[in-house]
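Asks: Line by line, the protein sequences are chains V and H. Position in the first sequence (first residue = 1) + 6 = our numbering. Read in our numbering, the second sequence has 270 at position 285, and its numbers run on one by one without any break.
For the record, the hints were derived by calculation from the structure and aren't laboratory data. Glycine included, every Cβ here is placed at the ideal spot set by N, Cα and C. It is possible that part of the hints are untrue.
Example chain V residues on the side facing chain H (calculated, C-beta under 10 angstroms, incomplete) [to be verified]:
1. Gly112
2. Pro139
3. Leu166
4. Thr180
5. Glu213
6. Ser262
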Amino acid sequence: MEEELIQIKNSAVSLILEAEGLKTLEHLRLQFLGRSGRLTLEIKDIAKLPIEKRPEVGRLANEVKKAIEDTIANQELRIRQLTDQESGIKKQKIDVTAPGIRPNIGHLHPMTQVLYEVIDIFKLLGFQVADGPEIEADYYNFEALNIPKYHPARDVQQTLYLDTRKSKVAPGETILRTQTSNMQIRVMEKSTPPLRIIVPGKVFRYEQTDASHGFEFWQFEGLMVDTNITFTDLQGVLDYFVKKFFGEETRIKFTSHNFPFTEPSLEGYISCTVCKGKGCRFCKFSGWVEALGGGMIHPKVLENVKIDSFKYQGFAFGTGLSRLVTLRYQMDDLRLLTNPDLRILTQF
Amino acid sequence: MTLSIMLAPLSWLKDYVDITLSPKQLGERLTEVGLATEKITKVDSDIIFEFEITPNRPDLLSILGIAREIAAIQNKKINLKSYEIKIPKKTTLPIKLNPNHKLFHRWTGISIENISIKPSPQWMQNRLIKIGLRPISNIIDITNYVMFELGVPLHAFDYDEIKGRQMTVEQAIGGEKFTSVDQKSYHLPKDAIIIKDSERIIDLAGIKGGLNSGISDDTKNVFLHVTIDDPILIRRASIALSLRSDASAIYERGTDKGGTLKTLARATQLVLEMAGGRVASEVYDLKKEAFKPWKLNLRLSRLKQILGITIPEKKVTGILNSLNLSPVILSKRSASKDPMRSFANAQDDIIECTIPTYRNDIKIDEDLIEEVARLYGYNNFPKTIPLGQIPTKQIPYFKDYRLEEKAKNILKSSGFSESYTYSLISEKDLVEAGWKTENVLRVDNPVSREFEYLRPTLKINLLKAYLQNKPNFKDINIFELGKVYLGKNIDEAKEVYFLSGITNTKNFFEVKGILERLFEELGSKEGPTEFIEILNEGIIFEINYSEIIKKVNLQKKFISLPKYPPIIEDLAIVASGKVNTKELMDEIKKQSSIITDVSLLDQFEETRTFHIMYQHKDRNLTTEEVAKIRSKILKVLKEKFNAMPK
Chain V
7 MEEELIQIKN
17 SAVSLILEAE
27 GLKTLEHLRL
37 QFLGRSGRLT
47 LEIKDIAKLP
57 IEKRPEVGRL
67 ANEVKKAIED
77 TIANQELRIR
87 QLTDQESGIK
97 KQKIDVTAPG
107 IRPNIGHLHP
117 MTQVLYEVID
127 IFKLLGFQVA
137 DGPEIEADYY
147 NFEALNIPKY
157 HPARDVQQTL
167 YLDTRKSKVA
177 PGETILRTQT
187 SNMQIRVMEK
197 STPPLRIIVP
207 GKVFRYEQTD
217 ASHGFEFWQF
227 EGLMVDTNIT
237 FTDLQGVLDY
247 FVKKFFGEET
257 RIKFTSHNFP
267 FTEPSLEGYI
277 SCTVCKGKGC
287 RFCKFSGWVE
297 ALGGGMIHPK
307 VLENVKIDSF
317 KYQGFAFGTG
327 LSRLVTLRYQ
337 MDDLRLLTNP
347 DLRILTQF
Chain H
-14 MTLSIMLAPL
-4 SWLKDYVDIT
6 LSPKQLGERL
16 TEVGLATEKI
26 TKVDSDIIFE
36 FEITPNRPDL
46 LSILGIAREI
56 AAIQNKKINL
66 KSYEIKIPKK
76 TTLPIKLNPN
86 HKLFHRWTGI
96 SIENISIKPS
106 PQWMQNRLIK
116 IGLRPISNII
126 DITNYVMFEL
136 GVPLHAFDYD
146 EIKGRQMTVE
156 QAIGGEKFTS
166 VDQKSYHLPK
176 DAIIIKDSER
186 IIDLAGIKGG
196 LNSGISDDTK
206 NVFLHVTIDD
216 PILIRRASIA
226 LSLRSDASAI
236 YERGTDKGGT
246 LKTLARATQL
256 VLEMAGGRVA
266 SEVYDLKKEA
276 FKPWKLNLRL
286 SRLKQILGIT
296 IPEKKVTGIL
306 NSLNLSPVIL
316 SKRSASKDPM
326 RSFANAQDDI
336 IECTIPTYRN
346 DIKIDEDLIE
356 EVARLYGYNN
366 FPKTIPLGQI
376 PTKQIPYFKD
386 YRLEEKAKNI
396 LKSSGFSESY
406 TYSLISEKDL
416 VEAGWKTENV
426 LRVDNPVSRE
436 FEYLRPTLKI
446 NLLKAYLQNK
456 PNFKDINIFE
466 LGKVYLGKNI
476 DEAKEVYFLS
486 GITNTKNFFE
496 VKGILERLFE
506 ELGSKEGPTE
516 FIEILNEGII
526 FEINYSEIIK
536 KVNLQKKFIS
546 LPKYPPIIED
556 LAIVASGKVN
566 TKELMDEIKK
576 QSSIITDVSL
586 LDQFEETRTF
596 HIMYQHKDRN
606 LTTEEVAKIR
616 SKILKVLKEK
626 FNAMPK
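So that you can see chain H by itself, here it is in the shape it has in the complex:
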């Protein structure tokens, strides 16, 4: 369901191009030019290549398309066979086609009468098997064979089952029932392209044929058609039905609009050859426009400007020729006369190319430049370091990773190891952690129930990480700095970085101290107490990192060393345990501007000893001065907290 794979047998490719490279060399060279060769396997006396086809190249979902690439890299010509349909004077099986060019950009078809259904010849069966298909019967095999050979899907109807001898292309209303050739029933999605005869739906266009009009063992007359279906409508319908077919993969990419007649002729030739019968109608070809090859100019100056090297004109035209892009050198003008391009360059020839209809990926100059570059060989380019000025302005969405590094390093040096866990978590985990799912952002199409909600916290994953590690480790210290997703719905959605940690070796004050140090390092004035939660077995914390760094202040200023010595004293205070240490410390500090530091030295029962530093920046202190402040402190502590000196 992700990328398109194309299998190509070497023997089949050789119908179209002489191959002189060894399979291994061929695979490497094709990979280099963009046709990624995933596997090369030997099957009987043949070699099967497995290619990964990029979404821009519908033509490479065919043997002919791959042969063209091989021809280009070997600089050889393609052996193209042409087939002609001889139209009889008398048309016995006419059909009325009611087109809609928005749905079918082109609709080409023919009736063939009096065929006989039987197995297709062995050589064709072998080739189909080699590309991973199951042979069914001659007519069906031919439609598959030609689609893979030429890259344009086609379909065969049992002519006698087309009621009213008419076909109308239209869009499904939605909900119609449809049974496909492989006997599966579907309810059609709205806007799917369908074909109706006078009575019923007979085809889910571009995706699957209908059972009611399909080829059976009794089919005598067939209507073969090649359509160019609208890529978007095909893709929408096939996504809605979860139904991809080989045809829909080609249609989605945009099919060769100029290739329908060739495809029909090739199929007709094979039908007449393998199933007998006779052409029984004119060739219908309903189209909005001619779908001719288009012209596109390549400027050599632009080529040089984009690629950074000068490729000789002869080499450029050689490459374009090998890709069948019919280069013609148009003019030699001076770049300065060209107002559109500012780059002054002597090499400014314009090469006019004619783009074949099967290369609908080539639309602008740059597409042609890529064609030249890839065949020139990406590994033949010199590697240069860009010139020019280094941008000096700070970009929008700038993130200063040095801050993050600082924060992470503090946790690391405090003993925590870092984890990265999933953003998506399960309903079960959320509910167990006490969250209501309606308050959490949810993914509509989760890969599984395990990963359905966007985490509103890192704690859930950290707790799980803790439990996961418990059997193997006695000491567990883990942190994560990652995004959480807040808001009840998308309108309120907010992505925020949280920093969270879990530990079973550190106590509350150790964790608090680590966070205090972290906040200090980031220049935040915040206190960490409210972010810490004590668990049965340890401590977990979570801070809103985005919020902290919003107020980050990394400016530091040197304060000159004091010239006069401090007086330091320890003050033991007896106070009720109800009085917070922080309150006492703040109160002490407030009493004089010459108290430069207060810290808690010791605590025993109701006695707390504070370490107080008195220092004046301009002069020496006297013991009398300090004594005054001390008595002021004691007085205030007694008044406010009923605290006494010990």
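In isolation and in its complexed conformation, chain V is listed as follows:
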């Protein structure tokens, strides 16, 4: 009996799905579910079964009935929609060149999009991301990085100091970090090489704002320490990064520079993202734009975090994440990035 029920279901479903008109459908309904329909008759026969088998077969019969009813209902809907559409097309032409109706989806900030891209690139090289404090001790931001108090290098990073009244902290010792390099020290002092880290984050400077300067902006830096990390590795990693980020055709060149926490130090320039190096207003007609700084970690910095500078060496580099964003999208003003104008935000 169960087999018959299933057969009825199968044949009903396949016939119903093939039905193309409402009339055929009604006919099929009668044929299976009508007063003397095949299923109806079969159900009547259940009473003839031994009593212990009845509930199980009964349930099956109910399922079959529901399946057939559902299939008919669905098919009816489809047939109706189809005929509506056909008559619709006949009645009115639709202009397929009109814009589509878009779902309401927002936009991620360009900084976020660039940041996630940068993280992805460095993840491939085995880097992990660190995140840490912006309210920072002078020690982590400067001293441990070989920039003692009253060092002229501090001129480049004018500092915002926190109000220390009502606290036990000595004035002048707590600042808003001027660079993400504080995290070099924080991570290194709590771990051992090999290390590959990147640190994105907000930094603060006592600086008047203009198109290319801000008192708040985003940096991003990397650090690699092992027994055998060399200056050519630093160049190779930076080259890899700019090619992945700005495109394979991007060229990079280096100049010597001075940072107190690296020796030797370098600055990296990339071929202009606007004119591809031909020279334009964006690159002041030089064909190159300044993109990053870095160097081999100064032995003193390693010693400050108790890493043996004979055994281990490494590099550190950094760049303005805000700058990468403006370079990527050819934006001429850093302040656009902190402006919540939807006319800007919805472009990305």
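Put chain H on the given structure of chain V with help from the hints.
Replies: Okay, now just chain H, sitting in the frame of chain V:
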């Protein structure tokens, strides 16, 4: 106030070195070796270079220093002139100098009598103008000229104004009044280095000379001195006074301690030449030690270890020679015998260098390695990808950005656009939002009143963003995930990520639903109701994102699909509006473990219709079973909430 700029005329540089490169090539090459050429301008028949000098190189704040770099890149010799001072048998203008070597590491001086003050010659005036200075008169012009030529600051006093013919160097107590040569008055900061004669303060050392002892048109006799001032004390005083001078910029970086005699001789020669007169004292030279060039060894194995390439020994010594570092190859030892260095390398010669006193930035091996590398040319290095193992341990301060991305994407797909706003906000905005400023962290030296306090919430900036966008947009949905700064003072300061959003297109339940979905996605059990605030024109919400992700649970486990069909029924209940829907739903759910889902299907006046799913994972349900549970539900709802079936 940020970086030091040095102007250098090509004609002046040519006094010291032959220049074969074109100005453009020269600028590019100098930039490559670290002397950033910012601008090259043509002035009359001359070329002026504008350089940005890094803080480690006091020597480059001079024409001679720049000429030395040019000599090094062109592999040429510097044309050094030497000057001698002839000391007379009879000293007519002696002076008593009372040194303090902690303040002046070196103090070199001389008296010259019977000079005449007049304008300096035209050629000198022209050169001073080209480097941005204003010519004044011969003696003052000479001190400026020689400072910029040789990179060591010097000062001229009117000898007859030095009371008691004596000078004492000491530190200010703080608060003393001082009037500088340019007739400005200052209250001296504590510990500033000052020079006193027998009666008064006559010099704010390293920063500005005093009016009372300065050169005037009537000066007949001068005392010229070259001092090496303590860099930290000079910097502290000049920061305290907000007063930077060309001299203080050099002093801060650490001046050439071996260069005072040469500087004094050059200045004396120019004074005698342009102002006449006669040397009238011995050459005073008070110093704690000899300040001789020092030795520093460079290991070729270390060079290779750091740089990653082998530079031939001959090339290395060639570079060191061009920088006047006098390289001498000391020994050839086997690296394995050297216990200090673990790297085994055949190339392990040691090159001993002698560091001239004007290169006080060269202190360790790595400094010499940098010298070799920069002149070798950074762009001649191959680019390599690091070898070695990828670290497997999770680092301290690790942040999983995938979570943040998840959260942001949910808001984005719900229609919100992301903003980044400033962490620093104004007192006005805080107060308007109902905050007390004493409860908020503050910056001591804000760039302006607009950016004085660290935001304790993202809502203030979001409300401003909403108002800013109103004129241009009907529908506004903005969110930000950023840090806020909590605590009343630094001891309590805490940085926390908040996630906040504002909308005028979504109602309470839509916002609640978005947050429920967000919490679910992050595996949080939290309910979002308390974080949502209804405004006049829309909805704003703010959640403590850091708190949510602390309890994050991303583990998911597959539950196999049910083998037995569910029984689904809709139950319409009439209950007072005072009864919360959540309470009713929770109560229904509690009545049996086979109720797998309860949801609110419809609500009309006092009737709420619930959609209830009964399902057993191991067997089919009978209508009798379900009927039993249903009556249990109705009984409980009646008892607890006086709710009736409709």
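Asks: None of the hints should be skipped; say for each whether it holds.
Replies: Outcome of the hint check:
no.	hint	result
1	Gly112	holds, 4 angstroms
2	Pro139	holds, 6 angstroms
3	Leu166	holds, 5 angstroms
4	Thr180	holds, 5 angstroms
5	Glu213	holds, 7 angstroms
6	Ser262	holds, 3 angstroms
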